[in-house]
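S.K.: Listed below, chain by chain, are the residues.
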Amino acid sequence: MLRLEGVSVSIGAVAILRGVDLEVSAGEFAGLIGRNGAGKTTLLRTIMGLQAPASGRLDFESQELADLPTYRRAGLGIGYMPEDRRLVPGLSAEENILLPAWAADADDAKVQLAHIYNTIPELTTLRARKALQLSGGQQKLVALGRAMMAGRKLLLLDEPFEGVAPVLARRLAEVISGLRKSGLSVILAESSMTHAHGLLDRVFTIDRGSVGVRS
Amino acid sequence: MKAAIVAIASLVALTGLALLSPQWLVFMAMLALAKGVVVLGLLVLMRTGLVSFGQGLYFGIGAYAAALLSHHLHVADAAVMLLAGAAAAGLVAALLGLLLARYRDIFFAMLSLAFSMILYGVLVKSAALGSTDGFNLHARTFFGVALASGAERRVFLIAGAVCAVVAALLVHRLLGGHWGRLATGVRDNELRVAYLGASPYRVVYVNYLIAGALAGLGGALAALAVGHVDPEMTYWTTSGEFVFIAILGGIQSILAPFVAATIFEALRMIASQYAPNVWQMSLGLAMLTIIMFLPAGLWTLAERRRRSA
Amino acid sequence: MRAVLTAQGLQKSFGAVRAATDISLTFDPDTVVSLIGANGAGKTTFLNMVTGYLRPDSGQILFGERDIVGLSPRQITKLGISRSFQIPQLFNSLSVRENLLLAESIAATDNPQAATDEALTRFELAPYAAQKAGLLPEGIRKLLDVSMALSSRSKLLLLDEPTSGVSADEKFAIMDVVMGAARIAGVTVIFVEHDMDIVARFAGRVVAFYDGGIIADGSPDTVLRAENVRRYVIGEEIPHAAA
Amino acid sequence: MSSILPIAFDGIAYASWLFLISAGLTLIYGVMRILNVAHGSLYALGAYAACSLAGAWLGGGLPAAGSFAMLLLAAVLVGSLVGPLIERGLLQWMYGKDEVVLVLVTYAVFLIMEDVIKLVWGVDSLLLPEPYALPGNFQLGGLPYPVYNVVLIALALATGLALAWALYRTRQGKLLLAVIHDREMSMAMGINVSRVYLATFAVGATLAALGGAFTAPTIAVTPGIGVEVIVLAFAVVVIGGLGSLGGAALGALLVGLVRSATVRYWPEAELFSIYAVMAMVLIARPKGLFAAQEARKI
Amino acid sequence: QQPLKVGIVTFLSGPAAGPFGVPARNAAELTAESLNAGTVPAPYSQKGFGGTPIELVIIDEAGGPQKQVAEYRNLVPRVDIVIGYISSGDCLAIAPVAEEQKKLTVLFDCGTPRIFEDASYKYVFRTGPTGTMDNVSVALYLVERTPNVKSIAGLNQNYAWGQDSWADFENAMKTLKPGIEVKTSQMPKLFAGQFGAEITTLLGSGAEVIHSSMWGGDLEGLVLQGAPRGLFEKHKVVLSAGEPAINRLGTRIPDGTILGARGPFGPFAPDTDLARWLKTTYQDRYHVPPNYASFKMTQAILSVKAAYEKAKGSGNAAPDQDKIIAALENLTFEGPGGPVKMALGKGHQAIMDAAVGTTKVEGGELKIVDVARYSADKVNPPDGMKSETWIKSGLKK
Ligand SMILES: Nc1ncnc2c1ncn2[C@@H]1O[C@H](COP(=O)(O)OP(=O)(O)OP(=O)(O)O)[C@@H](O)[C@H]1O
Ligand SMILES: Nc1ncnc2c1ncn2[C@@H]1O[C@H](COP(=O)(O)OP(=O)(O)OP(=O)(O)O)[C@@H](O)[C@H]1O
Ligand SMILES: [Mg+2]
Ligand SMILES: [Mg+2]
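One line per chain: the protein sequences are A, B, C, D and E, in this order. Using my numbering, you'd call the opening residue of the first sequence number 1 and step up by one each time. Using my numbering, you'd call the opening residue of the second sequence number 1 and step up by one each time. Using my numbering, you'd call the opening residue of the third sequence number 1 and step up by one each time. Using my numbering, you'd call the opening residue of the fourth sequence number 1 and step up by one each time. Using my numbering, you'd call the opening residue of the fifth sequence number 1 and step up by one each time.
By construction, these hints were calculated from the structure, which means they are not laboratory data. Backbone N, C-alpha and C define an ideal beta-carbon position, used for all residues, glycine too. Treat the hints with care, since some could be wrong.
[Claimed, not checked] Each computed PhoX-like pair below joins lysine-lysine, with the alpha-carbon atoms no more than 20 Å apart: (1) Lys236/E with Lys346/E; (2) Lys189/E with Lys125/B; (3) Lys47/E with Lys312/E; (4) Lys102/E with Lys323/E; (5) Lys102/E with Lys346/E; (6) Lys132/C with Lys287/D.
[What the hints assert, rightly or not] Stretch-level coverage of chain D by chain E, calculated; a stretch enters the list once three of its residues show a Cβ under 8 Å from a Cβ in chain E: (7) 17 to 27; (8) 105 to 119; (9) 123 to 129; (10) 145 to 152; (11) 224 to 235; (12) 263 to 271.
Work the whole structure out from these sequences, hints included.
M.R.: Have a look at this one:
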């Protein structure tokens, strides 16, 4: 489904990603594990189109991503949850979740919203609150919900468990593993396997911009 | 050390210019220097992330202070005028700064603009000061030494050069050290500055004061150069011009304001001489070109040269 | 022994949300206390009130003998309380070194340069020293944030999730560094944490928050095993879906 | 007592004019973070285009009432041609630069447009008095008032309500909020940010031109009419709170009323009135009447 | 033959370009060409200046005094004579620089009397009358026409020109009609363009007469906004510098408006060969009549020509600057508006007759009727006396 071949990214003169090869097939849960500064965020941003690759190929469902502007990638069903949450503070939690649907003018927004509330019941109590009031962890939940709204096919989750209380982290793991049913693919960036244990079909390791495979 | 060499070189060059070049060039250099000094102050302020659209207030105060000394109190000494200009502006900045240091972003910019426009209004209303027509001033001595007719502006240029170089050196030292980092800190994240135990308010206040005093000095220099003051000096378009020069130069270097002011004046002169009917358009196009190709200001030119050298 | 920090009956609401309902806590000198709790339980709010960022609706906060309610964050910092942040608060356009240097200089350290160099090594930030803070990876930002909090040589150190976002294999190392520094200087440390291994390892006392109130307070052993805490904070063990 | 009505009416009429020009400015600033100095040129361009179009219409002997449609058409034409030209041709390459640099860019555009206007229309004033005189006068407190001002007030009201509806009652408005807050994340959510910017700038430009077009019949359209407008509009926007439409409306009303009262009771102070209002509002509320909500930082 | 270079400074952009700057520039170009061709009527029929052709260097006056001083300094080395300046602020700032640069500089339009009342210059001349007489003459006219006038009000732009004009008018009226009541003095911002609230206040003020020294877009705006609301019917409106608006507004200026032209210019010009030449050639070339700014520019150029030729005498050598200056001092010469005497400011400041009239639309055209002329010394102070003192002390000789 998603295929990266020899993707390299540099910022200024610094090489951040070096010839990354990576493949995730439909319904597969892939982990991207690496230390701080290894390049996890950069890789996810590159897939999302927020960072331009210097070289290499990116394919999504055998469609070349390179010349597809970022906003069109969301339209392909790719959802992104950034590590630093980035909600729209003036909007309610629910509106934040709905934004991608509105942007795509999707007609099944209601259905998908109900599905999201179903999978993450904690969101139901937050739905009417302004994002700017939520605690750090609550914001993470909303950001996950929002990513699910756009990500009907592929979810890019950047450190979803960081800053989340253990009770919620477990729930999140449950939620994510529950997504399997809907046939989603997931790329999950984490610094360790602590929370991701048993969740992943395949694990990629990333170190100083180079990606390797760990079975 | 390097700064000192640049300073001495600039002084020598400017003195040479003052002594040898034709009158019109002396005048232009002096005007550029005056504006450069104002923009230098703006640079100090911009380090804290604040842009004042009201430096015309202090530019005007400096100019009027100098002019009033000459016109109403008959103190016609250029050195005294320069000092009075900077001091008067500094004093007002010390007062207004108490209020303005609380403001940020566009609100700071617009409130400072409001104050400058209020002074503009007062000047326009003062028939005794010539309203919008302003009035003329004459400096006849410098440190008590009588000036030969025709040589005044050459002397002023040297005096201006000394003021500017000293001011630039002081600012360079100030911003190069802890205070410069602190100001950047205020710009980046005030909350963290407060949580480290320093006062963002104080940083802004002090920088505002410096900017005000420098603008006053620039105003007095300009008044000496032009020989005339009028409320236009406090008008927002004047303040705007300073901001534009600042951005044109970029905020990386202490020399940038002077280089940018010179280029701005020269551009305007060339445009109005050779394209009197479309000088605004020419100026606008030149500015766009600079922004397009030298994104971090004119100073990038120098930087590029240095890197390739 | 006189308490370093005493909070008495703190209340704070945001509209209908009650972020602190009658919080009373006392912290003794030279202790290491961990605050745990569900997301949105009120941990950060508590730190915000102590540091003057938020003013409690009611209640009292004493730092030593002194009532600090109503003081500004800066004044409280000057009294000797420093903190790090859940979301790193950095000077984005300054380099890592300059960030630290600024912190050390404000703290009026004798030799800020040397102190900066030391901090760079201690937190393994040296490789990033010249990089602008705004361009750092998230985990490194966190490290820098924590290391800046430590520059103040304060009597009370508040850390909001110091290890979240930091690579798993470095979390312990960081806490070791922090604790080491704290022990030498005789600092009281209060840290918010979601990683129970870290809590168990470093905290001498654990306070569990839930829904604006305190549901458990005591030694790590007792608190982490408490029924409430297991239910609301840690979550019951759920068997992993067999992979 | 008898003077309250006239003061209020003059104040509201002036406020309507102010609102028309500030609404576009606050919109563009709110969404794109550009303090658009060229707003003044767009205002002037609207006025000039209105003179040309309505002048041609009237010169062709067509019914005078149709000149109102020409005013509208002029605004729309300027907004949809010049607005996108500036945005696509210039501004789109500048996003991400510092706010003050963008001010400089728009200032350069302003300078260029000043001369363009001069080259196209010359330096002589243009007059378009017919639409102003056409609807006649009505009496208020014993004094004659132009009905045209009522048209202006109605236009401002309609524009304000339409904008408010678009911004606060539609999904597009919420999407706009996302773009305002986080450009990058908006793209990742599937919002075509570049199109949003284009549309915003075009709408803002249309509003500026609308202000100019409907002012044209009351004034002599001369070079430089755009200069004064800029600071007035900035002042209103800042008084109201940046990016706030309601703020711009209230700010305009405040300035308009204070100005007309000043003219009546203390004419010498007219020059200061707007700045005094701005200073006073900011001293009381450092971020304007309606400050934007800020995200929780820690 | 090396032409004489004449620097011309006038507004080419901004709000003053339309009413003054460009008509003045047009007149300068027209006059220079005609002079070089030798087609100007006597006594100016000799080609160029004393046979030497002239060449113009034109720059824009926009940008404020500071910029003008810089421009002036740049201009000086490039030209032999400078003629220019509409704004009083620019004139004030330029005069001492001209003195320092020792360059003959002829101010052609600016109105403030302060230039030669507060200082004296060798190299600076002004060949147009000061603003004083504009307002003294309209006051005289007003009192002659309506001897029972009891109250006045003002609407003037809030800057030096507007304030001075109002002060002169107010003082002259107080001198002429002691006890006259001033109902209100409105001072809208320069270039405000919109005067809704001001007009309301004036309409409600009950003043019999409204004085305005507005010009350009502001003046046109005032007429456009005031006329439909009956401002001109309810009050006698005096436009002390209203003449240039005729070309723009035409019949839109309501009947009965009292109009001045800052001297006997435009429609007030005497019926001389010179005036007729200017009017017809200008009209032919630019398709509008010359306004007072055009007249004053031509007048300034001709003054220098007169002085140049007087200094040159019958000799062949070009006169040096000092000789031209000596010739220009106290010169009496014929301008397109009639005789001009360099009578004030030690022979550096011109005085002229004043003319005032009333508008009337006849046969679809705007006419100036009931024109009154005032001799130069009746509307100008004697040399050495300040205008303000003169007006306040009874307008006596
Ligand atoms: N804009 C930038 N300019 C320069 N360097 C950058 C920039 N963005 C990222 N980097 C560098 O790229 C490398 C990878 O960063 P990235 O944020 O992808 O790491 P990460 O694996 O997500 O780390 P973390 O776990 O801390 O979030 C880091 O060394 C970082 O300093
Ligand atoms: N400034 C604020 N405005 C409105 N509500 C707030 C504000 N600050 C905190 N809250 C609310 O107060 C509650 C407590 O928030 P707090 O940030 O203290 O939680 P926390 O325990 O730190 O959670 P986390 O572990 O997720 O950071 C939350 O429900 C939050 O939404
Ligand atoms: Mg990352
Ligand atoms: Mg928290």
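S.K.: Each hint should be assessed against the structure and marked as holding or not.
M.R.: Here's how the hints hold up against the structure:
The suggested pairing of Lys236/E with Lys346/E is violated, with an alpha-carbon distance near 38 Å, which exceeds 20 Å. Restraint check: the Cα-Cα separation between Lys189/E and Lys125/B comes to about 11 Å, which is no more than 20 Å; the hinted pair holds. For the proposed pair Lys47/E and Lys312/E, the alpha carbon gap of about 14 Å is at most 20 Å, so the pair holds. For the hint pairing Lys102/E with Lys323/E, the CA-to-CA distance comes to about 13 Å; that is within 20 Å, so the pair holds.
For the hint linking Lys102/E to Lys346/E, the alpha-carbon distance of about 18 Å falls within 20 Å, and the restraint holds. Under the criterion of a C-alpha separation no larger than 20 Å, the hint pairing Lys132/C with Lys287/D is inconsistent with the structure, at around 30 Å. With 1 residues having a beta carbon nearer than 8 Å to a beta carbon of chain E, the stretch 17 to 27 of chain D misses the requirement of three or more and the stated coverage is violated. Only residues whose C-beta sits within less than 8 Å of a C-beta in chain E count toward coverage, and the stretch 105 to 119 of chain D has 3 of them, enough to reach three; the restraint holds.
Coverage of the stretch 123 to 129 of chain D by chain E holds in this model, with 5 residues showing a Cβ closer than 8 Å to a Cβ of that chain against a need of three. A count of 3 residues in the stretch 145 to 152 of chain D with a Cβ less than 8 Å from any Cβ of chain E is obtained; the coverage claim is therefore met, three being the minimum. Against chain E, the stretch 224 to 235 of chain D contributes 4 residues with a C-beta closer than 8 Å to a partner C-beta. That satisfies the three-residue criterion, and the hint holds. With 6 residues having a beta carbon nearer than 8 Å to a beta carbon of chain E, the stretch 263 to 271 of chain D meets the requirement of three or more and the stated coverage holds.
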